[in-house]
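Q: Each chain, letter by letter, is given below.
Number of protein chains: 2
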Amino acid sequence: MLPDPIQKFIKIFSALPGIGLRQATRLAFHLINSGKTNIDETTRAVSDLGRLKICSQCFFVHQNPASNGNLCDICANAGRRKDIIAIVERETDLISLERTKKFKGVYLIFGEISKAGVIESIQKLRLNHLKSLIKQSGKKAEEIILALNPTTYGDLNASIIAKELAPFADKISRLGRGIPTGGEIEFADDQTLGDALERRN
Amino acid sequence: MLPDPIQKFIKIFSALPGIGLRQATRLAFHLINSGKTNIDETTRAVSDLGRLKICSQCFFVHQNPASNGNLCDICANAGRRKDIIAIVERETDLISLERTKKFKGVYLIFGEISKAGVIESIQKLRLNHLKSLIKQSGKKAEEIILALNPTTYGDLNASIIAKELAPFADKISRLGRGIPTGGEIEFADDQTLGDALERRN
Numbered sequence: 048m049l050p051d052p053i054q055k056f057i058k059i060f061s062a063l064p065g066i067g068l069r070q071a072t073r074l075a076f077h078l079i080n081s082g083k084t085n086i087d088e089t090t091r092a093v094s095d096l097g098r099l100k101i102c103s104q105c106f107f108v109h110q111n112p113a114s115n116g117n118l119c120d121i122c123a124n125a126g127r128r129k130d131i132i133a134i135v136e137r138e139t140d141l142i143s144l145e146r147t148k149k150f151k152g153v154y155l156i157f158g159e160i161s162k163a164g165v166i167e168s169i170q171k172l173r174l175n176h177l178k179s180l181i182k183q184s185g186k187k188a189e190e191i192i193l194a195l196n197p198t199t200y201g202d203l204n205a206s207i208i209a210k211e212l213a214p215f216a217d218k219i220s221r222l223g224r225g226i227p228t229g230g231e232i233e234f235a236d237d238q239t240l241g242d243a244l245e246r247r248n
Numbered sequence: 048m049l050p051d052p053i054q055k056f057i058k059i060f061s062a063l064p065g066i067g068l069r070q071a072t073r074l075a076f077h078l079i080n081s082g083k084t085n086i087d088e089t090t091r092a093v094s095d096l097g098r099l100k101i102c103s104q105c106f107f108v109h110q111n112p113a114s115n116g117n118l119c120d121i122c123a124n125a126g127r128r129k130d131i132i133a134i135v136e137r138e139t140d141l142i143s144l145e146r147t148k149k150f151k152g153v154y155l156i157f158g159e160i161s162k163a164g165v166i167e168s169i170q171k172l173r174l175n176h177l178k179s180l181i182k183q184s185g186k187k188a189e190e191i192i193l194a195l196n197p198t199t200y201g202d203l204n205a206s207i208i209a210k211e212l213a214p215f216a217d218k219i220s221r222l223g224r225g226i227p228t229g230g231e232i233e234f235a236d237d238q239t240l241g242d243a244l245e246r247r248n
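Residue numbers (our numbering), protein chains in the order written: chain A, 48 to 248; chain S, 48 to 248.
For the record, the hints were derived by calculation from the structure and aren't laboratory data. Heads up, a few of these hints could be off.
Derived lysine to aspartate or glutamate pairs resembling EDC-like cross-links, with alpha carbons at most 20 Å apart [as the list claims (entries may be wrong)]: (1) Lys149(S) <-> Asp202(A); (2) Lys58(A) <-> Asp87(S); (3) Lys83(S) <-> Glu88(A); (4) Lys55(S) <-> Glu211(A); (5) Lys186(A) <-> Asp202(A); (6) Lys58(S) <-> Asp87(A); (7) Lys182(S) <-> Asp217(S); (8) Lys100(S) <-> Asp87(A); (9) Lys55(S) <-> Asp120(A); (10) Lys83(A) <-> Asp95(S); (11) Lys55(A) <-> Asp87(S); (12) Lys83(A) <-> Glu88(S); (13) Lys83(S) <-> Asp95(A); (14) Lys129(S) <-> Asp140(S).
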């Protein structure tokens, strides 16, 4: 009974991460009721995402001119150390790390790790891409930080990647693990507390 | 540090109901990584909502030609009783009621009720619109069903609307209230059980 444009909208939006059928339906009516100007603005917000480019080195997004070597702001920044590389799953992980202002190296966006415990083909391509960048530089990376989530699957993938990249870096590390700063020992779960003990420093 | 198109996208999408900053950010990167074809399809899904029309009688959406009197499928259906009107807050409430296939009247989309306990100006316009439709018909409505949510605010608004519309209908009713079908008395909350007792039939 719903008009085609609404059905289409619901189909497409309910397939997006974190949006179910019910929310997609509410979004459709919200937009319709918000009026033509709002719909136009929302349309433009989506279509403008198509104008973004992907960095040829780390695969993060950017808008720099092609004359820039198709590099993102981080990779194009001469002040960043190219021989210290953090491998992250998602762009949002990169953003979180950048927010700390404590990392002066560059990144590789690896893509979400699979729960099958295998590295997917696009991820293999990205690792090979990193290897050839390191080879081109003429020396091993000083450090590769595997900034994957500290979950079972993150750990599994980290050990696979560590083996793959071992010949290409002097040091391969992971992010520190333990009780969150500001947290309380009493409320830490057993696994976190155990890890904090083992990784004491 | 995020490119403009992403910041704009996040701003617009995080203002939509049920979408926060974090989810808007994830949606942006999800769309960017899903490729140009997907972005185009999503763009079209949003912009096509702008082609929908609003029914001149009940304010539901439709795509019928103007020659049809700008009526939605329900209002244009000669088989539906125009003298039995269900007042609903949202389009999604109308859809839920239609799904029961048990209502043969027409609707009025009232808009979300405010928590200030007052009827907003657009809602006043819609009530006046309903009054004039009833006047035009030459006789009182047989029944007006106030299908608002059974919440404190729904109850408050229902009593205000009931007073407003009393001269225009032989009967003003609300939806039945009590233990959900398939539910168990043991697990009903006190308020629901109390209402079920009071409204026994």
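Q: Against each hint, give a clear statement of whether it holds in the structure.
A: Checked hints:
| no. | hint | result |
| --- | --- | --- |
| 1 | Lys149(S) <-> Asp202(A) | violated (55 Å) |
| 2 | Lys58(A) <-> Asp87(S) | holds (15 Å) |
| 3 | Lys83(S) <-> Glu88(A) | holds (19 Å) |
| 4 | Lys55(S) <-> Glu211(A) | violated (39 Å) |
| 5 | Lys186(A) <-> Asp202(A) | violated (27 Å) |
| 6 | Lys58(S) <-> Asp87(A) | holds (15 Å) |
| 7 | Lys182(S) <-> Asp217(S) | holds (13 Å) |
| 8 | Lys100(S) <-> Asp87(A) | holds (15 Å) |
| 9 | Lys55(S) <-> Asp120(A) | holds (19 Å) |
| 10 | Lys83(A) <-> Asp95(S) | holds (10 Å) |
| 11 | Lys55(A) <-> Asp87(S) | holds (13 Å) |
| 12 | Lys83(A) <-> Glu88(S) | holds (19 Å) |
| 13 | Lys83(S) <-> Asp95(A) | holds (10 Å) |
| 14 | Lys129(S) <-> Asp140(S) | holds (19 Å) |
Checked against the numbered hints above, the structure violates hints 1, 4 and 5; every other hint is satisfied.
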